[in-house]
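Participant: Sequence:
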Amino acid sequence: MGRTYTTRVESFPRQDSALHENLHQVRRHVSADHLSEVLDAALDAQKMGMKQAISPNTALTESDCHFINCYLDSTILLLDACSAMQLRLENIRRCIGSIPIGLHCLEGEHEPSRTVLQKAAFALETSSVMVSRYGREMEISMPNLRSSGKKLSSAYQDTNDRISPEFYWALSGSWTMAVLAVGEINSAISFGSKSANLQHKAKPQKMLKNELSKKMKLFPKKMDEIMSMEELKEVDIAARTLLKLVLALQKAGGSGGDIIRRMAVKAVAEKLRRKTDQLEKTLPELKEKIGELYRLIIALRMSLLGLQSEVQKEEDSNPANLQEAPVRSNRRTPRLPLAVPQDLDKGACHAGQPSSCPVRFFPDSADRDAICPVTFWDQTTG
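Straight run, no breaks: the sequence shown in full-length UniProt numbering ends on number 382.
Careful: at least some of the hints might be erroneous.
[Said to hold, decoys possible] Mimicking BS3-like on lysine-lysine, the simulated pairs with C-alpha atoms at most 30 Å apart in a straight line are: (1) Lys233 - Lys51; (2) Lys313 - Lys51; (3) Lys47 - Lys150; (4) Lys150 - Lys251; (5) Lys233 - Lys266; (6) Lys281 - Lys119.
[Unchecked claim] DEER-style ranges, computed between Cβ atoms: (7) Leu87 - Ala264: 31 to 37 Å; (8) Arg274 - Leu79: 31 to 37 Å; (9) Ile54 - Ser317: 51 to 57 Å; (10) Ile260 - Leu87: 18 to 24 Å.
In case anyone wonders, no lab produced these hints; they're calculated from the structure. Backbone N, C-alpha and C fix where the C-beta goes; we use that ideal spot for every residue, glycine too.
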């Protein structure tokens, strides 16, 4: 018994309903653990989509093939977004890599000199992830994903619900969860940017009951409402606080017995060290999962292309299609001359001895004897 569109979308795993609710909640800070859970859900959706694509029971219709073409075009943007996120995480890692240099300058019981304070201030300014230049790739990809979602929704509407229910459910689920993960991580690691954040006016569970990404909306938010990753925000706040204290200590001359300011520098430096160590352990894990999402999207694309290839082979081998093929004339037309090495014995080839040609384009003997690659005219024509 065929399932309706609403029924098959409701069959989305209910154990992820709590995660869907968390995705809808607009929070100013999210933890790295939450982002990891979002990526896990996206990875599971890609695996389910690929499992359906390679299922032996999958029989594609013309509507399925049309929808697959639109889906393949849309996944290119997802791959670009994954690459941009990995680039952004790598840039953050390089930024915080200068923090230990600044902390090393502030170590020791003696009062740091003006030169040492200048080195520490420079290292802390370099570590600022708020002014990173690598957020523009993500700013560009998110509006494109929204447009791609609309095209994918229109492709489904054009089929008048003739797409195979299980097949459509698998692809729509993989696409939706991937876009949710990309939008969440984009907001979390691009805080402080003027880019538009991916937000949903409808709850994700309800959104899935509509045509793909039809209810997904992008709109700019105020700077103080932009969501960011907690660990990243804590490192940035601690680094900026320490920078202000160092600049104040440097303005005071680096001496004068300012014990309170010196104690404050030590306390903030210790906190910054702990937060930096925690962030350095978190970034590689997120980057690895994003890389896995990239690989699964590639694998799903390959599976869908394989399905299309099989459908095309079946159509070509259909006797009805063969009968409709135009009848070719028995008259052979001359071939165009091919590039021939200067030292090639052309006489042997023109003498009807293709097997003696030193250039072998056809490893199979039958194909090689049938077509000589250096023959300028068919022997039947002259």
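Participant: Now tell me, hint by hint, if it's right for this structure.
Facilitator: For each hint, the structure was consulted:
Using a Cα cut-off of 30 Å, the hinted pair Lys233 and Lys51 is violated, with the two alpha carbons roughly 38 Å apart. Proximity of Lys313 to Lys51 is assessed by CA-CA distance (about 22 Å); at most 30 Å being required, the pair is judged to hold. Distance hint between Lys47 and Lys150 is fulfilled; the C-alpha atoms sit about 24 Å from each other, no more than 30 Å. Between the alpha carbons of Lys150 and Lys251 the distance comes to roughly 56 Å, so the proposed pair goes past 30 Å and is violated.
Between Lys233 and Lys266, the direct Cα distance comes to roughly 20 Å. Compliance with the 30 Å bound is thereby established for this hinted pair. Proposed proximity of Lys281 and Lys119 is supported: the alpha carbons are some 26 Å apart, at most 30 Å. The beta-carbon spacing between Leu87 and Ala264, approximately 36 Å, falls within the hinted interval of 31 to 37 Å. Separation of Arg274 from Leu79 is about 36 Å and conforms to the stated range, judged on CB atoms against 31 to 37 Å.
Distance hint check: the CB atoms of Ile54 and Ser317 are about 21 Å apart, inconsistent with the given range 51 to 57 Å. Between Ile260 and Leu87 the beta carbon distance is about 42 Å. The supplied range of 18 to 24 Å is therefore violated.
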